[in-house]
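K.L.:
What follows is the residue order along each chain.
4 protein chains.
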Amino acid sequence: MKTTRLEAFSDGVLAIIITIMVLELKVPHAVDLAALKPLLPVLLSYVLSFIYIGIYWNNHHHLFQAAKEVSGGILWANLHLLFWLSLFPFTTGWMGENHLASTPTAVYGFVLLMAAIAYLILERAIVAKEGRDSFVARAIGPDWKGKLSPLLYLAAIPLAFVSPLIASGLYVFAAFLWFIPDRRIERALEKREE
Amino acid sequence: MKTTRLEAFSDGVLAIIITIMVLELKVPHAVDLAALKPLLPVLLSYVLSFIYIGIYWNNHHHLFQAAKEVSGGILWANLHLLFWLSLFPFTTGWMGENHLASTPTAVYGFVLLMAAIAYLILERAIVAKEGRDSFVARAIGPDWKGKLSPLLYLAAIPLAFVSPLIASGLYVFAAFLWFIPDRRIERALEKREE
Amino acid sequence: MKTTRLEAFSDGVLAIIITIMVLELKVPHAVDLAALKPLLPVLLSYVLSFIYIGIYWNNHHHLFQAAKEVSGGILWANLHLLFWLSLFPFTTGWMGENHLASTPTAVYGFVLLMAAIAYLILERAIVAKEGRDSFVARAIGPDWKGKLSPLLYLAAIPLAFVSPLIASGLYVFAAFLWFIPDRRIERALEKREE
Amino acid sequence: MKTTRLEAFSDGVLAIIITIMVLELKVPHAVDLAALKPLLPVLLSYVLSFIYIGIYWNNHHHLFQAAKEVSGGILWANLHLLFWLSLFPFTTGWMGENHLASTPTAVYGFVLLMAAIAYLILERAIVAKEGRDSFVARAIGPDWKGKLSPLLYLAAIPLAFVSPLIASGLYVFAAFLWFIPDRRIERALEKREE
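Protein chains in written order, with the numbering used here: chain B, 1 to 194; chain W, 1 to 194; chain H, 1 to 194; chain D, 1 to 194.
No lab work stands behind these hints: they were computed from the structure.
Check the hints yourself; a few may be wrong.
Note that the list lumps identical chains together, so a pair holds whenever it fits in one copy or between two copies.
[Claimed, not checked] Only pairs whose alpha carbons sit at most 20 Å apart, straight line, appear in this in silico EDC-like list of lysine to aspartate or glutamate:
#: 1; residue 1: K191; residue 2: E130
#: 2; residue 1: K37; residue 2: D133
#: 3; residue 1: K68; residue 2: E24
#: 4; residue 1: K145; residue 2: E97
#: 5; residue 1: K191; residue 2: D143
#: 6; residue 1: K129; residue 2: E24
#: 7; residue 1: K26; residue 2: E193
#: 8; residue 1: K37; residue 2: D143
#: 9; residue 1: K129; residue 2: E194
#: 10; residue 1: K37; residue 2: E186
#: 11; residue 1: K191; residue 2: E97
#: 12; residue 1: K26; residue 2: E194
No experiment lies behind these values; they were computed from the predicted model shown.
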């Protein structure tokens with residue numbers, strides 16, 4: 001089985017998740033700028049989640065450029081990842097509407113954690129299918145970012161009950177890590193072409 | 001006519017159905033973990049429906065990998081299937097919000113039943129187009145799972161009025177059946193390549 | 001410019017329209033079958049609109065299988081069609097929730113009419129681009145269905161104020177016309193392949 | 001990396017944005033034509049935003065037909081553009097529901113401005129990747145429309161507090177500019193084929 005249709009379906013789901021989150025930004029009844037002020041935390045948590053879905057789409061895109069084909073196991077590992085990502089609109093809305101209250105901030109981190117684990121499982125499923133010496137396995141490499149992020153989320157969950165600000169700072173920091181250009185797979189793809 | 005655009009359209013509809021269901025998980029006003037408790041049955045029925053849509057996407061994916069081309073009849077058989085699947089967000093929300101009350105649980109099963117029948121019709125339409133000796137007809141085979149599942153749903157509908165728990169247990173069991181790796185079409189595809 | 005991306009975008013919009021309509025089926029609070037009764041007209045108008053979007057998708061699919069490439073004018077003619085189709089969820093909800101009241105039924109017909117005209121404009125734009133002797137022009141042919149349907153809608157709009165039932169009967173009849181297999185473009189495509 | 005999946009994802013997001021905006025057209029409870037009157041400004045701002053998303057899709061389509069491949073920077077520049085476009089349903093709803101009140105009209109212009117800037121950044125990112133002498137760089141050319149539009153939005157924002165009508169007139173005028181067929185990239189593509 002080719003990867004194209006799995007990619008198309010995932011693109012569809014990710015596109016909808018990223019766009020549905022904006023529905024939590026409810027149109028206010030008042031018409032002055034002050035009416036936007038209570039929406040600011042909702043907007044900020046939307047920005048954070050938008051960046052996260054963007055990161056997942058980016059990584060997913062790279063991963064399946066390197067992978068050759070999919071098996072039943074990979075299809076389900078991918079659906080498992082999409083399931084946790086589909087909960088982002090809910091946790092984003094809950095955290096944003098309650099100005100970073102402790103429990104919603106912790107639950108936001110929990111869903112981030114589960115999505116990160118689901119991504120690692122997806123990588124494993126692909127490596128299991130194509131072999132440890134396959135091109136995709138070498139392109140993934142040790143993936144220290146993929147392994148560090150869940151640890152950050154795991155630390156942030158209890159911290160949310162001490163200080164939601166520190167917890168959300170960790171979420172921002174973990175997102176920032178992924179921003180630092182990591183051209184691992186890109187470079188591997190370029191090399192292969194040569 | 002090639003199958004690509006039918007697949008793209010179906011992917012789009014399935015991606016939206018799977019994501020729209022999550023909108024039934026309404027963001028609570030309270031900010032403690034207890035606020036999530038009434039959402040638990042909604043979440044559980046979301047998980048069940050997510051898995052069902054995943055199963056349909058999986059099977060659909062396999063089916064159209066084996067099929068060669070589409071006719072007008074196949075387009076409509078496919079739309080018929082998508083129609084019943086599009087009712088999942090409604091029945092999932094109704095069952096979930098009412099903690100497995102009898103009627104919503106029975107109606108959930110009725111839509112599952114209609115979707116299963118629609119899938120069988122779609123398979124027949126494809127076999128009718130490509131012939132009983134075609135590659136796709138042999139790949140589908142007797143499809144005992146496709147024929148057993150509607151019987152399970154049919155049994156669950158009246159049972160929902162006796163015990164909604166048994167009925168939903170049957171829905172879970174039928175979903176579980178599809179999880180057991182059934183590499184029928186995959187194997188047929190691999191053989192063809194050789 | 002190739003037709004692929006226009007088709008992908010249109011597929012996306014049509015997939016969302018067809019799925020978003022189901023959101024008008026609001027989950028009832030009661031848990032007995034009687035709770036579904038007031039939803040019946042909503043469901044019926046959903047079925048009708050689902051079939052209409054299906055018909056448009058079918059025809060669009062066939063049209064762009066025959067067309068070779070797109071121009072700026074075709075892109076806008078296509079967006080114009082999608083605009084009117086995007087109003088279907090609104091008119092469907094309005095007509096369904098008000099049990100076929102006169103004005104909503106007439107407005108439903110007005111949007112059907114505008115969509116039908118937009119489709120004719122799209123056909124013209126494609127023929128203008130590819131020429132009257134092009135393959136696509138001959139595949140479209142006189143398109144009597146495309147020209148009869150707007151007349152039916154035009155008749156139904158004033159009739160909705162006399163009898164909404166007759167008006168909606170005309171909508172059903174027009175949809176039925178498209179169901180009668182019309183293998184015009186399909187046959188033309190098959191011929192070309194030979 | 002090929003441009004296909006970036007295009008597919010963008011198509012998905014744009015298709016959802018364009019369709020989700022229509023949800024602001026809430027189904028009225030009354031059943032006479034008068035019930036549609038308060039919806040008129042909502043409908044008009046929907047039409048304007050529909051055209052804007054259509055313009056962005058058109059330009060995006062042309063841009064990536066000329067571009068050859070994408071880098072990490074281009075992926076993020078594209079997501080940045082999609083972020084601002086994803087706010088259109090919110091600003092469209094706010095402006096439409098408040099009959100062109102000053103602040104919502106100014107905020108609508110602000111999001112238009114940010115989207116226009118994001119588009120310029122995307123163009124730069126592509127030119128930076130492919131080089132100033134690349135085909136895509138020459139196809140983009142000086143892009144005076146892309147540079148004039150943000151100036152118009154910038155002028156409209158303060159003007160919205162003097163006269164929202166003039167401000168929205170500027171939005172309509174800027175959209176109109178893009179309607180004038182500008183076959184720059186199309187012509188360049190045709191030339192290349194020859």
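K.L.:
So, for every hint listed, does it hold in this structure?
P.N.:
Hints, verified against the model:
1. When the C-alpha separation of K191 and E130 is checked against a cutoff of 20 Å, the pair qualifies both within a copy, at 19 Å, and between copies, at 18 Å.
2. Taking the shortest Cα distances, K37 and D133 never come within 20 Å of each other, neither inside one copy (54 Å) nor across copies (46 Å).
3. For a Cα distance limit of 20 Å, the shortest separation of K68 from E24 qualifies neither inside one copy, at 38 Å, nor across copies, at 37 Å.
4. For the homomeric pair K145 and E97, neither the shortest alpha-carbon distance inside one copy (30 Å) nor that between copies (39 Å) is at most 20 Å.
5. Only within a single protomer do K191 and D143 lie at most 20 Å apart by alpha-carbon distance; the minimum there is 19 Å, versus 35 Å between protomers.
6. For the identical chains of this complex, K129 and E24 are neighbours neither inside a copy (39 Å) nor across copies (36 Å), given an alpha-carbon limit of 20 Å.
7. For the homomeric pair K26 and E193, neither the shortest alpha-carbon distance inside one copy (48 Å) nor that between copies (48 Å) is at most 20 Å.
8. Taking identical chains as interchangeable, the C-alpha atoms of K37 and D143 are never at most 20 Å apart, the minima being 40 Å within one chain and 36 Å between chains.
9. Within a single copy, K129 and E194 get their C-alpha atoms only as close as 25 Å, which misses the 20 Å cut-off; across copies the closest is 18 Å, which meets it.
10. Taking the shortest Cα distances, K37 and E186 never come within 20 Å of each other, neither inside one copy (41 Å) nor across copies (44 Å).
11. In this assembly of identical chains, the alpha carbons of K191 and E97 never lie at most 20 Å apart, being 47 Å within a copy and 53 Å across copies at closest.
12. Taking the shortest Cα distances, K26 and E194 never come within 20 Å of each other, neither inside one copy (51 Å) nor across copies (51 Å).
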